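Participant: Sequence:
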Amino acid sequence: MELLSSMDEQDNQYDGANQETLDAEIADLRESMKQKVVEFEKLEGGDGSKAKAFQLKAMN
Numbered sequence: 001m002e003l004l005s006s007m008d009e010q011d012n013q014y015d016g017a018n019q020e021t022l023d024a025e026i027a028d029l030r031e032s033m034k035q036k037v038v039e040f041e042k043l044e045g046g047d048g049s050k051a052k053a054f055q056l057k058a059m060n
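Each residue of the sequence shown is one higher than the last, beginning at 1 in my numbering.
Watch out, some of these pointers could steer you wrong.
What the hints assert, rightly or not - Calculated pairs, PhoX-like style, for lysine-lysine (alpha carbon to alpha carbon, straight line, at most 20 Å):
no.	residue 1	residue 2
1	K36	K52
2	K52	K42
3	K52	K34
Said to hold, decoys possible - Simulated restraints, written as ranges between beta carbons of each label pair:
no.	residue 1	residue 2	range
4	D15	G46	19 to 29 Å
5	T21	G46	28 to 38 Å
6	D23	A53	14 to 24 Å
Quick caveat, the hints were computed from the structure, so don't treat them as lab data.
Computed from a prediction, not measured in an experiment: that's the story for all the values here.
Glycine included, C-beta positions come from ideal geometry on N, C-alpha and C.
I would like the entire structure built from these sequences, with the hints used as guidance.
Facilitator: As structure tokens, then:
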């Protein structure tokens, strides 16, 4: 039981620096995906609606 409670305490610890790093990486991935979707839609002759969805998500 002691081992489990020790593991729970470690899982519940918050590390703000790690969270900021994760947030930055997620933002970079989202931006990269948006750029790829825009490129893909240009190749496919799309109406830009998929790229607009990424812009709306970024506003939230």
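Participant: Could you run down the list of hints and mark each one as holding or not?
Facilitator: Verification of the supplied hints:
no. : hint                   : verdict
1   : K36 to K52             : 13 Å, holds
2   : K52 to K42             : 13 Å, holds
3   : K52 to K34             : 9 Å, holds
4   : D15 to G46: 19 to 29 Å : 41 Å, violated
5   : T21 to G46: 28 to 38 Å : 34 Å, holds
6   : D23 to A53: 14 to 24 Å : 20 Å, holds
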